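J.: Chain A is fixed; fit chains B, C, D, E, F, G and H onto it per the hints.
Protein chains: 8
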Amino acid sequence: MRNDVLLDDDRRERIGIDEAVFSQTKSDDQLLAIARQAAASGSGRLFTRLAAGQFAAIDAQLAGAMDYDPVSRTGIIGPVMPRRNGGRVAIVTAGSSDLPVAREAARTLLYHGQAATELHDVGVAGLWRLMSRLGELSGANGLIVVAGMEGALPTVLGGLLPLPIVAVPTSVGYGVSGGGRVALESALASCAPGLTVVNIDNGYGAACAMLRILPAVTAAATARARPHG
Amino acid sequence: MRNDVLLDDDRRERIGIDEAVFSQTKSDDQLLAIARQAAASGSGRLFTRLAAGQFAAIDAQLAGAMDYDPVSRTGIIGPVMPRRNGGRVAIVTAGSSDLPVAREAARTLLYHGQAATELHDVGVAGLWRLMSRLGELSGANGLIVVAGMEGALPTVLGGLLPLPIVAVPTSVGYGVSGGGRVALESALASCAPGLTVVNIDNGYGAACAMLRILPAVTAAATARARPHG
Amino acid sequence: MRNDVLLDDDRRERIGIDEAVFSQTKSDDQLLAIARQAAASGSGRLFTRLAAGQFAAIDAQLAGAMDYDPVSRTGIIGPVMPRRNGGRVAIVTAGSSDLPVAREAARTLLYHGQAATELHDVGVAGLWRLMSRLGELSGANGLIVVAGMEGALPTVLGGLLPLPIVAVPTSVGYGVSGGGRVALESALASCAPGLTVVNIDNGYGAACAMLRILPAVTAAATARARPHG
Amino acid sequence: MRNDVLLDDDRRERIGIDEAVFSQTKSDDQLLAIARQAAASGSGRLFTRLAAGQFAAIDAQLAGAMDYDPVSRTGIIGPVMPRRNGGRVAIVTAGSSDLPVAREAARTLLYHGQAATELHDVGVAGLWRLMSRLGELSGANGLIVVAGMEGALPTVLGGLLPLPIVAVPTSVGYGVSGGGRVALESALASCAPGLTVVNIDNGYGAACAMLRILPAVTAAATARARPHG
Amino acid sequence: MRNDVLLDDDRRERIGIDEAVFSQTKSDDQLLAIARQAAASGSGRLFTRLAAGQFAAIDAQLAGAMDYDPVSRTGIIGPVMPRRNGGRVAIVTAGSSDLPVAREAARTLLYHGQAATELHDVGVAGLWRLMSRLGELSGANGLIVVAGMEGALPTVLGGLLPLPIVAVPTSVGYGVSGGGRVALESALASCAPGLTVVNIDNGYGAACAMLRILPAVTAAATARARPHG
Amino acid sequence: MRNDVLLDDDRRERIGIDEAVFSQTKSDDQLLAIARQAAASGSGRLFTRLAAGQFAAIDAQLAGAMDYDPVSRTGIIGPVMPRRNGGRVAIVTAGSSDLPVAREAARTLLYHGQAATELHDVGVAGLWRLMSRLGELSGANGLIVVAGMEGALPTVLGGLLPLPIVAVPTSVGYGVSGGGRVALESALASCAPGLTVVNIDNGYGAACAMLRILPAVTAAATARARPHG
Amino acid sequence: MRNDVLLDDDRRERIGIDEAVFSQTKSDDQLLAIARQAAASGSGRLFTRLAAGQFAAIDAQLAGAMDYDPVSRTGIIGPVMPRRNGGRVAIVTAGSSDLPVAREAARTLLYHGQAATELHDVGVAGLWRLMSRLGELSGANGLIVVAGMEGALPTVLGGLLPLPIVAVPTSVGYGVSGGGRVALESALASCAPGLTVVNIDNGYGAACAMLRILPAVTAAATARARPHG
Amino acid sequence: MRNDVLLDDDRRERIGIDEAVFSQTKSDDQLLAIARQAAASGSGRLFTRLAAGQFAAIDAQLAGAMDYDPVSRTGIIGPVMPRRNGGRVAIVTAGSSDLPVAREAARTLLYHGQAATELHDVGVAGLWRLMSRLGELSGANGLIVVAGMEGALPTVLGGLLPLPIVAVPTSVGYGVSGGGRVALESALASCAPGLTVVNIDNGYGAACAMLRILPAVTAAATARARPHG
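Chains A, B, C, D, E, F, G and H are the protein sequences, given in the same order. Residues in the first sequence are numbered consecutively from 1, following this note's numbering. Residues in the second sequence are numbered consecutively from 1001, following this note's numbering. Residues in the third sequence are numbered consecutively from 2001, following this note's numbering. Residues in the fourth sequence are numbered consecutively from 3001, following this note's numbering. Residues in the fifth sequence are numbered consecutively from 4001, following this note's numbering. Residues in the sixth sequence are numbered consecutively from 5001, following this note's numbering. Residues in the seventh sequence are numbered consecutively from 6001, following this note's numbering. Residues in the eighth sequence are numbered consecutively from 7001, following this note's numbering.
Just chain A, with the same shape it has in the complex:
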C-alpha cells in the first residue's frame, strides 16, 4: 500500500488549465509530497482550500517556496503562467463576507496569467452602489459575480449587461441561507437569461470557466483578424 499521488500532468496542454490541489481533505504528508514535487519540477502548482496550519507544515520544510494568501487560503508555487492577452475580467461581490471566494477566483486567474479587477460590496439592498459602477463594469469581457444570502446580485447584473456572467454563490448566511443553497438556486432560477453558475464557494471554478471563455475569444479573434482566414 502506498500514499503516492498521481497528478493529471498534461491537463495544461489539453485544456489550458493546471490541476489545482484541493487541499482541504488531504493529509499534511500528501500536501508536502506534492509541494516538493512542484518545487523540484519548476512547473508551478496552485493549492486551494489550504488552511493556515497546512501551509505552516509545508513552509516548515520548503521555506519560501510557496506564496500563501490567507484571505483566499490559496498557495502558489511558481512560476505562474505567462501573461495572457485574453480580455478583461471583473470580479464583483455583494458583500465583504464574500471576499475570500472572490479572492480565490482572482488568485486562480493570476496563476494562469490572467489579470482581473475587483469591485466589492455592491449588493442590491443599496442599489445605488451598483448603478454608479455600471459603466466601469460594462467595459469588461466577462464578469464573475460572487454573492451569498439571497443571491440577487447576478440576476440584477444579468438584466443590465450583455456580458458572459459566471455566478458564484457563497455560503455566507444563516438559517435558510446557511451553506449557500439559496444563493445557488437563486442564480440557477434567475429570470435574467443566460447566467451560468458554478458550485457554492467555488471561486476556483469560476476563474477556470473564464479561462475557457477568454482563450476562445483570442482564438476566434485571431482567425477573423486574418484577411484570408
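The set of hints was computed from the structure by calculation and includes no laboratory data. If you're wondering where the values come from, they're calculated on a predicted model, not measured in any experiment. Where is the CB? At the ideal position from N, CA and C, for every residue including glycine. Among these hints, one or two may not hold up.
[Said to hold, decoys possible] Over the 10 angstroms line for every Cβ pair with chain A, so calculated as not near, a few chain H residues:
(1) Asp7009
(2) Asp7010
(3) Asp7028
(4) Gly7044
(5) Ala7056
(6) Gln7061
(7) Gly7148
(8) Leu7161
[Stated by the list, open to error] Chain D stretches covered by chain F per the calculated footprint, using a threshold of three residues with CB under 8 angstroms from any CB of chain F:
(9) 3015 to 3027
(10) 3190 to 3202
T.: Quick look at chains B, C, D, E, F, G and H alone, frame taken from chain A:
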C-alpha cells in the same frame, strides 16, 4: 359519524378577519354545506382555491349566490365587509404568471373592505420597468410583492422603499425553482432588512397580514387624534 | 487587491433603517475597520452576530467605544437614533432558550429609537402562562413572537389577537427541529391567518419589519388627525 | 411466475391486529383475489386506500360482500371482530379536510371491535372551539389527534391532558406544508412531552397503536382486579 | 430586560409529568438559576442534555444537590416522584452506541417513579440475540425501542409482540444515516402496524409517552375493579 | 435536425449486457424507430418502463414482434440470449405491491439467458413467512431483495445468509416513504454488512448486477477447474 | 383589475437577447394577447414550454403566424434575428430522452440568428461513441452539453476539451434522479475545472449563455483586429 | 443498569464476516471492554472509525495488542482470518482524498484473509490515467470504486468492464457535494447498467460485499469442477 363542519364564527370579532374556506381538500358535499349556511346566514364567506368544477357544483344548487373569479379561483358569497379607511395597499408582481396569486390577495382584501391597486410584470431582469413606477409605489402604506423563480423583486424593493413589505413567493418556475422553494427562501434570506414573508402562493395570507397592519394604523391614529386620549 | 468595505450609508435616509454589520463571516480586520469608521464619523453603527472574541479584538483598539451585549451578541457604537413615538412593540418567547434571538430584536429596536417590552417562557405546552398575559399583549401595536422546536406559539397568538405579528423561528431544538426548519415552516403554514415570518434566528430582521410597520402607523395617524388632511 | 399474494394470517393471533390490505399500489387482479379469499374464508379483511374504481372492480364480482366507505376509502369484508371492553378512544381533527384520515382510523377501530367518538374542526386558530370540549375529551382513555398544515393541535392538547396521544399528521396544506412534512415534524418536535406520532395520513396506524395500548389496559386491569393475582 | 425563567409549575398536576429543563441551549446562568430554585423549593427537577461542563458549573455552586449521569447527560435534583404501580417497561437497544438515549429514557422514568429494565445490543443483523429474549420482553406492558442506522429493530419487534411500542430513532450512523433521519423515517414507514415514534434521540419523550400510557392502565383498572363502577 | 437514436451496440460484447431502452421519456416515434431496427436486425432488444399505450403504438406497426408483460411494463423483441450456466438467482419481495419491480428483474434476467426463482410476500412484519423459506433461499448463488416502505427485509436477510445480496428499494409507500427514499436509505444504512443497493424501482439494474456477478463465477470456476490453469 | 402583460421590450437592445415567453404557467388569454402583439408589431417573439394545446389555442386565432416545434415545445413568431458571425456552437446529448431540451437550445439559438450543430446519444456508458466524435467537437467555439440521470457527460468532456462548456442537466431519470437534481449537482460538483451550469431542463438558458459568450468573442476580435484599437 | 456490549459472535459462522466495531459513537470504556475481550479470546476483532485518541486509550491498557492504521482509522486485534483463494479484488480511487475510505476497504479485506490491489488518482477529468490501466483492471474478479465530488468514475468503469463493481461514494467535496450525496446518487442513477452501491464513506461495507461475492465464486467453482457434481 357525521360530515358537519364547525367554522370559527367569532374570528371576525376577535381578529377582524373571517375564516376563509380552503376548498382544495374539501369534498363537494362539504363545500355545498358551507355555502348553503353562508347564503342562509347572510354573513358572507370567502372561498379560496376553489376549482372551476367545485364552483360549478355549488352554482348548480345556489345559482347566483357566489361571485366566482376563475383567475384567482376565489368565490365570494356576500355581503362583503364595509369599506375600510385604513390606507393604501399596492400589489406588485414580477411576471404575468404570478397573476393568480396576486389576484387572490386582491380579492381577499376586497372581501374585507380594503381596496388595493395592482402593478404587474416589473421583475428585476428589466429593471427600468420597476424604476419608472417607484414614485407611484412610494405613496402606498404597504406592499404585497408577488414573485416566483429566483424571487429577487422583494429584495430590490426592500432596499428602495421604507414601507411594510409582505413577500409572497410563488410556485412559478421549473427545475430548482419548481414549487416555489427558491423564491420563498430568497425572500427569507434577503439582504434587504425587514422583509416579511408568507407561505408559497399564499395571496390570501399576505392580504390578511396587511389587514392586521392597516387596522393597527387606524387604531393608533384614532388614539392619537384625541387631544385627551 | 484591497480589503475595504463599502457600507450603504444612505440607507437610513432611504428606508429609515441603518445597515447593520453581520459580523459572523467577517474577519477581525474588516470589523475593526468598520468600527473605527463608525467611531470617527459619529453616526452610529449596529453589529450583529458579534462573537465575544470578535468584540474583544475591537475593544482592544477602541476601548469603550462599543456597548456589547453577550446574550444577543450585538455591539452598538453610538449614538443611537432618537426616540420614536411610533407605538408599542412586545417581544414574546416560547422558552428561555429563545432569549438570545429575542434580545437581538430588542437591541435592534433600541438602536433605532424604538422601545419594546419582553415577555418570556409562555410556550403553549403550559397554555395558562400565555392566557394570563393576553390582556397585556393586546395593548401592543405589534408582536414579535420568537419560538423554536415545533413553533406553535405564533399560531396560537395569531388566532387570539388582531395585531401585526412577525414570527421569528429559532434554531432551538434537536433531531427534526435542529436548525429551526420546523419552527420556520410551522409559522409559514399556520392555520392562523396573516402571520408574517422572517428567517430562522433573525431577531434583527423582525425588528426591522416592525420599524417598517410602525412609521407607517405614525404617518397615517398624522394624516387622519388633521381635520382637513 | 405467479401473482399470488401471501397474507400474514396468524398476525391476529400474535399481535391482536389483522393484516390490512394497502390497496393503493395493488392491481385489480390482486385485490380481487384477496377479496375472494376473504369472502370464502369468513374471517374478515380490512382494505385501506381503496379507490372508488378499485372498489367497483371488486363489487362487480362480489356484489354486496364489501362494506365500502368513500370518505375514508376503506372497505370491510366481514365479520368484524367482537366488541372490546378496552376503554374509550376519541378522534379529534383540526379541520374538516382532515376528515378522511380520521375516518380511516375510526373504521380501523370499528373493524377490530373498538368504538370511538369523533370531534371535528377544533384547530387552534379558534381556540375556543377546543377549550369548550376539553371536559368531554378528558374522559377518554386515549386520543388520536389528526392535523395538517402547521400541526399545532397535538401540542396544545398534549399540554392540557394527561392521556396517551397519537398524533396523525395529514398532507392537508400547500407550499411548505404540502405533503404533510411540517405537520409531521411539528408533532415530533413538540414542546409538549410524550406525544407519539405515526406516518403522514396514517389513520390506520394510529388506530393500531391504540389497539396496542388498550388491551394492555385490560390485561393490567384484570391482573390487579384479582386479590391474589 | 431580565433573564428570568418561567417554568410550567403546574404541569405535574395537569398531565402527571414535570417540565424538564432542556439544557443544551441554555446558558450557565440560566441553568444555575433553575437549579437553585429547584433545590430551594424541594420539589425536584430533571435536567436533560446537560453537558459535563454545564454540570460542573452547577456543582461548583450547589455541591451535591444534583445526581448527574454522564452517559445520558441527565441531572436530577431530588426528590424524585413516589414509586408507581403502573406496569413494567422494557427499554431495548439495537447497538451499544444507542445506550445514551436509552439511559435518558430510563432516568426520566426513574425520576417519575417508574422502574424499567434494559436490554442492549439486540439489533436484527444478529437475529438470534433478539429471538432468545422474546419471552422476557413479552411480559412487559410497554416497550421503548431505541435504534439508529437503518432502524429495523422496532419493525421486527412490532411484528412479533402485541405491546405498545414507542420507537426512538437515534442519530447513530454516518453517510445517509448520519443525524438519524433514516431510522426515524424507517420507524414511521414501518410495515408493522401500530408503532409509534418520537423525535430522534428523544429518550425523554419516549419515557413521557410511557408515563401517559401506564397511568391510563391504572385508571382503567381501578374503574373496572369496582363492582358497581 | 434529426431524431435518430444511436444505441451502444457493442455493449453486449464489452460487458455482457445489452443496452436496454428506457422507454418512459421517449416519444412514440423514437420507440418505434428502435423497435423496427431491432426487429430488422434480429439481434434482440429489451424495453423497460414501456407503458401499455406505448406498447400499443409499437404493436400497431409491428404486430407480434414484441413480447410484452404488463405487470413489469417490459417488452422483449427476440431472440433472447442463450441460456447461461451461471448459478441460481432468487428474487424476493416484501409485499405484493413490489411485484412489478421484481418482475422487471426477472424479465431482464430472462432476456439475458439467466433463470430466476421468485418468492413473494415475505416482509418482516410476519417473520415466520421468511424463516420458513430460509433453507430454500440459502441454496441460491445470489439474492435480489425487493422492498418498499421501511425496507427492513434486506437487512434481516443480510444477517442470516452469506450470499451476495442486491437490495432494490421500491417506491411503494406514502407519507415519508412515498417515492422510496426511506427504503433506499434503509438499505444503504443497514447494520447487516455487505448489502449492495441499486436505485429505487430499478429491477433492471439489480438484474444487471447479478449478470456481472454470475459470469465472474463462471470464469473463476473455469480457471480453477483446469489443472494447469 | 387587468390581465395585461408588460414585456421587457428593450431587453434586446440592452443585452442582445429577447425576452422569451415562458408559457407553461400562463393562461391561454395571456398567451394569445402576447402573440397578437408580436404578430402586429413585426418584431418577433419566442415562446418556450408551449404545450401543444396552448399552441392550438393561438393557432386557432392567428393561423400560420407561429412556427411551432412539438419536440422542444417552442413557438416562434417571426422574424428571427439576422444571422450572426459569432462562432460555432455544438449541442451534445447523453441520450435520446434529452432531445427536447437540446432542441429548445437549438431553437433559441436559431431565433437569435446563431446556428448550431447537434450530436446525440454519446453518453459515457458507451465511451466509444463520444471518443470517435471528439475531433469534430474540438472545432467548436462552445459546447452545450445536455445530460440527465447521473450526468457524467459534461465532466468527461470538460476533461478532454478546452472549450467553454454549458452543462444542462435534464429531468430524465427516476428514483434518486427523477427531476434532475443528481444531474444538476453532478455538473456543479464536477472534478473537471471550469464547467458552468444552468437550471434543470433549461435549454433556453444555455443558449442565452452562449449568446453572451459569442458576441464577446466578436467584440474582442474586432478590437484586436484593428491595428490601432 | 449496565454498560456491557453483546457482540454477534456467531456472525462469522453464519455469513463469513465478523461483526466489526463501529467505534465512532462508542465511549472509551465500551471500546476498551471489547478490546480486552478480543485480546483474551484470541479470536480477532476489527475496529472501524477508530480515532487516534480512541486508539491511544486502548493502547495505554493493551500495549501492542492492536495493529492501528491512522489513514483508514482501523484497528485490528489478531489473528486475522486465513488467506482465501477467492479471486482478485482491485480497489480504485478517483482522487487522493479518497484514500482513507479505500484503505478501510483494503484493511477489511485483509482482516478477512482476502488480498487486494489499489490503484489511485484515476478520476475521469484526466481520462488517460484510467485508460492506460484498463488492462490491469480487467484481470480482477471484482472492483471497489471509490469516488467523491461528482462521482463519475464508477459510471465510466461500468461502461468499460464486465466485472462486479461496488461503488463507494465519499464525502470528499464542498458546496453541493459536501457530505457525499452527489457521489452517492450519481452512482445510483448511473447510465452504466449493473453498478451496485454502498453507503457514503463505507469502505468496510464494500469490502464485505466483495466477501459475499467471492466465496460464492469459490463454491460455484468447486461444484462445477467436480465431474459428477
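J.: For H:Asp7010, which was marked as not at the interface, is the minimum beta-carbon distance to chain A over 10 angstroms?
T.: Non-interface label on H:Asp7010 holds, nearest chain A Cβ at 31 angstroms vs cutoff 10 angstroms.
J.: Verify this label for me: H:Ala7056 is non-interface relative to chain A, using a Cβ-Cβ cutoff of 10 angstroms.
T.: Correct as stated: the minimum Cβ-Cβ distance to chain A is 18 angstroms, above 10 angstroms.
J.: Taking the minimum C-beta separation from H:Gly7044 to chain A, is that value above 10 angstroms?
T.: H:Gly7044 is indeed farther than 10 angstroms from all Cβ atoms of chain A, at 20 angstroms.
J.: Quick one: work out the minimum CB distance from H:Leu7161 to chain A and report holds if it exceeds 10 angstroms, violated otherwise.
T.: Holds, because the least Cβ-Cβ distance between H:Leu7161 and chain A comes to about 20 angstroms, which exceeds 10 angstroms.
J.: Far enough from chain A: is every CB of that chain over 10 angstroms from the CB of H:Gly7148?
T.: With a cut-off of 10 angstroms, H:Gly7148 comes too close to chain A, as the shortest Cβ separation is near 8 angstroms.
J.: Check whether three or more residues of the segment 3190 to 3202 of chain D sit with their beta carbon closer than 8 angstroms to a beta carbon of chain F.
T.: holds (count 4)
J.: Could you let me know if the closest chain A CB is still more than 10 angstroms away from the CB of H:Asp7009?
T.: 30 angstroms, holds
J.: Is the claim that H:Asp7028 lies outside the interface with chain A correct, judged by CB distances over 10 angstroms?
T.: 25 angstroms, holds
J.: Would H:Gln7061 pass as off the interface with chain A, using Cβ distances and a cut of 10 angstroms?
T.: 28 angstroms, holds
J.: Quick check: the segment 3015 to 3027 of chain D, covered by chain F? Criterion 3+ residues, Cβ under 8 angstroms.
T.: Since three or more residues must qualify, the claim that chain F covers the segment 3015 to 3027 of chain D holds, with 6 doing so at under 8 angstroms.
Against the hints set out earlier in the document, a violation occurs for number 7 only.
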